[in-house]
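Colleague: Given next are the chains, with one letter for each unit.
4 protein chains.
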Amino acid sequence: MDKSRLEAFSDGVFAVIITIMVLDLKAPAGDNLNALKPLLPIFLSYVLSFVYVAIYWNNHHHLFQIVKNVRGGVLWANVHLLFWLSLFPFVTAWAGENHFTSWPTAVYGFVLLMAAIAYFLLPRRLLAAHGRHSALSHALGSDFKGKISPVFYALAIPLASVSPHFAVLIYAGVALLWIVPDRRVEHVIEREGHK
Amino acid sequence: MDKSRLEAFSDGVFAVIITIMVLDLKAPAGDNLNALKPLLPIFLSYVLSFVYVAIYWNNHHHLFQIVKNVRGGVLWANVHLLFWLSLFPFVTAWAGENHFTSWPTAVYGFVLLMAAIAYFLLPRRLLAAHGRHSALSHALGSDFKGKISPVFYALAIPLASVSPHFAVLIYAGVALLWIVPDRRVEHVIEREGHK
Amino acid sequence: MDKSRLEAFSDGVFAVIITIMVLDLKAPAGDNLNALKPLLPIFLSYVLSFVYVAIYWNNHHHLFQIVKNVRGGVLWANVHLLFWLSLFPFVTAWAGENHFTSWPTAVYGFVLLMAAIAYFLLPRRLLAAHGRHSALSHALGSDFKGKISPVFYALAIPLASVSPHFAVLIYAGVALLWIVPDRRVEHVIEREGHK
Amino acid sequence: MDKSRLEAFSDGVFAVIITIMVLDLKAPAGDNLNALKPLLPIFLSYVLSFVYVAIYWNNHHHLFQIVKNVRGGVLWANVHLLFWLSLFPFVTAWAGENHFTSWPTAVYGFVLLMAAIAYFLLPRRLLAAHGRHSALSHALGSDFKGKISPVFYALAIPLASVSPHFAVLIYAGVALLWIVPDRRVEHVIEREGHK
Chain A
38 MDKSRLEAFS DGVFAVIITI MVLDLKAPAG DNLNALKPLL PIFLSYVLSF VYVAIYWNNH
98 HHLFQIVKNV RGGVLWANVH LLFWLSLFPF VTAWAGENHF TSWPTAVYGF VLLMAAIAYF
158 LLPRRLLAAH GRHSALSHAL GSDFKGKISP VFYALAIPLA SVSPHFAVLI YAGVALLWIV
218 PDRRVEHVIE REGHK
Chain B
38 MDKSRLEAFS DGVFAVIITI MVLDLKAPAG DNLNALKPLL PIFLSYVLSF VYVAIYWNNH
98 HHLFQIVKNV RGGVLWANVH LLFWLSLFPF VTAWAGENHF TSWPTAVYGF VLLMAAIAYF
158 LLPRRLLAAH GRHSALSHAL GSDFKGKISP VFYALAIPLA SVSPHFAVLI YAGVALLWIV
218 PDRRVEHVIE REGHK
Chain C
38 MDKSRLEAFS DGVFAVIITI MVLDLKAPAG DNLNALKPLL PIFLSYVLSF VYVAIYWNNH
98 HHLFQIVKNV RGGVLWANVH LLFWLSLFPF VTAWAGENHF TSWPTAVYGF VLLMAAIAYF
158 LLPRRLLAAH GRHSALSHAL GSDFKGKISP VFYALAIPLA SVSPHFAVLI YAGVALLWIV
218 PDRRVEHVIE REGHK
Chain D
38 MDKSRLEAFS DGVFAVIITI MVLDLKAPAG DNLNALKPLL PIFLSYVLSF VYVAIYWNNH
98 HHLFQIVKNV RGGVLWANVH LLFWLSLFPF VTAWAGENHF TSWPTAVYGF VLLMAAIAYF
158 LLPRRLLAAH GRHSALSHAL GSDFKGKISP VFYALAIPLA SVSPHFAVLI YAGVALLWIV
218 PDRRVEHVIE REGHK
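Protein chains in written order, with this note's numbering: chain A, 38 to 232; chain B, 38 to 232; chain C, 38 to 232; chain D, 38 to 232.
Because the hints were derived from the structure by calculation, they are not lab data. Be a bit skeptical, because a hint or two may be false.
The list makes no distinction among identical chains, and a pair is therefore deemed to hold if it is satisfied within one copy or across any two copies.
[To be verified] In silico SDA-like links for lysine to any residue, alpha-carbon gap of 25 Å or less: (1) Lys184 / Val104; (2) Lys74 / Ala165; (3) Lys63 / Ser41; (4) Lys63 / Trp140; (5) Lys182 / Leu85; (6) Lys105 / Ser198.
Note that the structure is a prediction, hence the values are computed from the model and not measured.
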């Protein structure tokens, strides 16, 4: 099974998700800076979600660089990830328009959690097709970030009922953790290239 | 004729369809769980259509893996399929917003039926360019699912006037039938690869 | 200059245009067939524009199959075509919502005319980079359809002030003319393949 | 690291941005030319932004033609550019709907400035991976346009508070400057091809 169409379809979905979220930033009626003020929380929500979709695209890109086979199960594990990402525009709008109050913040975190679980399952599905001693297995290593992120989200969700802004800080913190590029994968690709 | 652009264009259309359907999930005014409740049927409608578009993308991906020629007629058979899929956002919104009452459920089923017919015709158009003894012909085999699906939709559509929820169950059941990957096609590709 | 990104970007734009036009088919308030009735002209307008974008994609696909160089000028000739196509969602909505009265029908025709002119200029720009005796030059031949289409639109636009429905019939007739695949181009590609 | 997915994802984002901006051109209620009149400034705003996104796509295309490595930092420099471009639909709508009054014009210019800075940083990030004596370094040359554009925007932004229309003229002038294709890059590619 060829991986290029899975990548092309995923790239398309990533591109549409990251771009249509901006449609919730509706041009305000007034033409001065005061008219922009009420948009600030929606803008911040947009920035956070934009960074998250970019992170997922980045990681997806890195992951599939070392993938060789995409069997049936992988296609569905990938669609599962795209499903939760497709809900980003909705939770971004709901959380932004409500200034990150408790429930919208918790539901935003729930979608982050489900996407993180989907992204945790995806390489496991890939490993089943590549074997425990493959380059992929080596590159994934302990997958520390993939394991710790859902824990952070799971802690932040109940926290949102008490202090939603602190929960948002956790979401932003986990995003920062991921922005650091996955050196291990780059390392393996380089080594493979030298062979 | 090169098949890569047909795939790229189709992937783009699949990606946009599957993603813009979420625009109908509008962020509600309230900021608590009660405000989300009225969205539940729209969300379920979204999930069903998301799964259907993913199935069509999956099958399209599998089918074109073993395609070698795309002549004029194939391009239009493909556009015909994309046309019916492009109506998914509309029927998804109409059925979801009306809690799957009779008419919206029947029209949803009609679009499913027309997409199924279009997808039934597409490989036949491809076979005309590949010949009856090609790998494609072998991979399609009896095309049991492709033949039985339209029959189920055709039965469910009149049923929607009596019990629309039962019709929706049939739509969901046919989707489940398709989620099981098409082992025959994977089998043929593998064998071709061994040659 | 590599043509693959020009194709990828164009495919993306074609895919988004053909799909977002459906957003104007808004789910009606009622849940019976009567509620769908007012959507009929919008639906017909959608079908006509869908077919037109599909034709342009098809022709674009055929044309670039035999293109070898894309120099600076070609990129802008292509962007020029995409610009007029990007106005399809607007004129489709305006004409559909007003049941194809005179002005919306004339403006719809104007955008068709400008897109046809842009598509008439594109191969000429390509020929400048390929030479008069190239396969491209041979494949284009007399470009009868490309020359006759703008004439039909130019006739239909003033006609729309008297009988807009007759103008729409002309638009549909020209679309039919194009649906017939361009055998000449397929012929040249085949011959090139045999060399 | 493979550059093809970075290009595919970027093409997708470019294609969606350039196309969804047209959604702000809403079909007016009336069906005559007078009904179109209030849309004129929105249309002009659309044309300016369409040209700008096309320029960025063109330059991105040219730049990545001669790129060989895309390391972690490049991915984020690219995402940074896409982020500012993704705000084009918002500022285009705000400036257009307010007939380019001072604040919307200044904010439009601010997004142009940030995109220009992001595009100024991107090749520098690429150079870090390619070396000062690479074909890329040679092709960029003095990067006169890349350096002068942000200066023009920075001058136009405060000017918008006095004469917004003059600021818009500067934006359009910088766009014209860029439409002239970057001969240096084409030159280097050609020379590389001859080796």
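Colleague: Decide, hint by hint, whether the structure agrees.
Modeller: Structure-based check of all given hints:
1. Lys184 / Val104: For Lys184 and Val104, the Cα distance is within 25 Å only inside one copy (20 Å; across copies 35 Å).
2. Lys74 / Ala165: The answer is neither: 50 Å in one copy and 39 Å across copies each exceed 25 Å.
3. Lys63 / Ser41: neither (36 Å within a copy, 33 Å between copies)
4. Lys63 / Trp140: both (23 Å within a copy, 16 Å between copies)
5. Lys182 / Leu85: So Lys182 and Leu85 pass the 25 Å test inside one copy only (18 Å; across, 32 Å).
6. Lys105 / Ser198: The answer is neither: 44 Å in one copy and 49 Å across copies each exceed 25 Å.
Hint compliance for this structure: hints 2, 3, 6 are not met, and every other hint is.
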